[in-house]
Amino acid sequence: MDGDPELVGGLVGRCIDAATASAESVERWRRQRRTLDRLPSYLADALLRRIIQRRILLYPSWLEIFQNSAEEIDLKGESSVDVEWLAYLGAFHHLRRLNLANCRAVNNSAIWYLSGMSNLKELDLSRCSKITDAGIKHVLAIQNLEKLHVSETGLTSNGVVLLSSLQNLNLLDLGGISITDEALCSLQVLTNLEYLDLWGSKISNRGVAVLEMFPKLSFLNIAWTEVTELPYLPSIMCLNISNCTICSIFYGKGSTSARLLKLFGIGTTFVDADKVFSIMDTSHVTYLDVSSSSICNLHFLVKMDMIEHLDVSFCGINDDSVEYIAKAGKGLKFLNASNSKLTSQGIRVLAGNAINLETLYLSNTSVDDVALSYIALMPSLRIVDLSRTKIKGFAYESRDNLEKTFSLSLLQNLSHLESLNLEDTLVEDEALLPLVFLKQLRCLYLKSDLLSDVSLHILSPLSSLTYLGFRNAVLSNSGLLLFVPPKALHTLDLRGCWLLTENVFSSFCKLHPRIELRHELDGMVPIDENVSGGSTSSHRTYLTSEVRSEGSDGCFVDERIKYSMEELLGLQLSSLSTPALHGLNMLPKELKRSKMSNHISFLNNLRLLLCIKKQVHTEELLEVQFSPGSTLPLHDLNKLPKELKRKVEEALAGFGTKAAGPEVRPLRRLANGVGYHVSSIFMDGADLTAALPILLPQRPQTQVNSPSLINPTFAHLVRY
Amino acid sequence: METGEENTRKEETVKLISAEGFEFVIDKKAAMVSQTIRNMLTSPGGFAETQHGQVTFPEISTPILEKICQYFYWSLEYSSGKETEFHIEPEITLELMMAANYLHT
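Residue numbers (UniProt numbering), protein chains in the order written: chain A, 1 to 720; chain B, 1 to 105.
Just so you know, the hints here were simulated from the structure itself, not pulled from any lab data.
Do not rely on the hints blindly, as some may be mistaken.
One side of the interface only, derived from the structure: several residues of chain B facing chain A at Cβ under 7 Å [what the hints assert, rightly or not]:
#1 Ile88
#2 Met97
#3 Thr105
No experiment lies behind these values; they were computed from the predicted model shown.
We treat Cβ as the ideally placed atom computed from N, Cα and C, and that holds for glycine.
Chain A with its partners taken away, still in its complex shape:
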């Protein structure tokens, strides 16, 4: 119902919003009427749901007004729900679904009121730990009950045995209750069961034999149990054996063919994987998750012709296994091979075969820029995760030819690409330029201290972008304020951008009220980490928390501790006082890595004259900055540390600047060579500002705002 378009936009949605704006507004319409009888039940449900979500339901007596119209109530996680609430809910005779999961105050006497709710079909009491065997008796009176969740309650085997009288049950969730083989045995009268969850129970190989008595059973979860062998259960479509030690599944085949579609084996130890999979009929399996399991080769994939979803992350598979994935290939839509030993060579094998792949996770593998050319051959890709890989974003054409090609431009072939994760890669500012052509891109995750204001500005033309993660970047206040956000952007994640100061957030929010900012210094940062799903496999919190803890780094390492007060002040002032130069991203970089930190004192009112990103193998950033009023900056070379001076001279010699004078040709070459970092150039005393028009398209701000200027710039970048 949440997805009901009428309730989201439109006047109905606005009415619900207005009706539930505050406790006072509820009180104002509630006073006028005793019941909501004319209200269609789905509207009543939506209204009540919103009141609960907004936590403005002050008194349980307010529930009364809904009692003749509500059919579904979800009170999940409401700690205030207690006996009094249940007393009102007991009068809801039309109620079909009631979710009390995680309502900590609900106890045995509270659920006494449930016993009269004869229309109730679905009841969720999960994690109501105060409910025990004594309380479950009240539930037994609801004979129509079809779905019952009692996982992680205070129930024991004795209470579970009682549930056998609920003959209409088709779903029974007993997760986390330490039930025994005997208790499971007593449930065999529940022949309508389709869904049975027994995770964390004490059942053993002896107990699971009973499962053959459930002819309709299609979902079975025996994760975290002692079970090592499972009999042949022809009706099972979805099986969860996570964290078990498995010797064999479905031994002793019957005559009917298995219908197994989904198999979860997260963290499972397979005693002999090849044997396990050879016994099973896996020909219909479409979904296989064996992440973190003991599997290290993928021979068994040979028989899985129907596979669509494959998760082999944290398994340590290598390039040899890719062959089997490739063979299973055509139907494959989802592949998670993150945290494996895969390299670009493996992706090469994949490229020609898995042509329908839509989602590809390669986080924390050894793939590099070479892989991008293969990834570009999978035209259906929508989500690509390349975080924590060796992607640099550029490559040299050949060993002898040192001209760069910007490898991310290959992604332009992926016309469906919606989400791209490049967190913690070696991609630098200029390498991001090709991304502006990914017009369908909706989510982009970047996290690197190699990125600066320039990168952010490059991304402005991405018109479909709704989520932009720009974390740990060297972003200045002025850089943020001059950023023209893409039209559709609603979330900008700037966590870890240590240069930003508090006041910039309010200014930014004033300029762009629709955008939600995230930063450690911004009080509005929600704790909700859902959206940062850029890091892979966020759904698997319970398994690999230690591995992913860095993904959701709650603590903020203040990078400012690396610098002295004087240095910081210099930075702060320079980013505020020279906004025109903000795009020149070298300030913090040079702080971090070059030997120029002793020149920081004049950063403050620096006229940035020339910076060169020298194209050498070492990728070493070479940046030269000169103090104001110096008309002969080359003379100032003498002030530089010796090593740096040598490099600058080399670089300038390479561009033929020894010949001095505002010649257009060397300038253009310089501009091209430098990329886009040139704002003004003084050479040998000649002011070349007049020649700037040639260089202007190189300036990031100009690029950002006028697409027409991007193309020529981009053309040469690609060429290089």
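Please arrange chain B on chain A, whose structure you already have, making use of the hints.
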């Protein structure tokens, strides 16, 4: 396509009549914000409403229908990029919600 041409050809209006018999004459374009009215006015079978350009709502009271009409115009402005709030008094939210639900608005 035909209906599209009709809309652009002449500025049409429709008459919406409340439970109390109060008549609201509004632009057809605005009334079309409601999916229900749109269906009535454009369905090929020819509701009586299509011919006379008037629709009676015996279930909707005058103040609510007035608010609905305001919403139609506000919605047109909103979709053309103008950003204003559409204020709804808490007292009428439920009545309005039911009417809006009926009108698929």
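Quick rundown of the hints versus the structure:
1. Ile88: Nearest chain A Cβ about 4 Å off; hint holds.
2. Met97: 4 Å, holds
3. Thr105: 4 Å, holds
The structure fails none of the hints (numbered hints given earlier).
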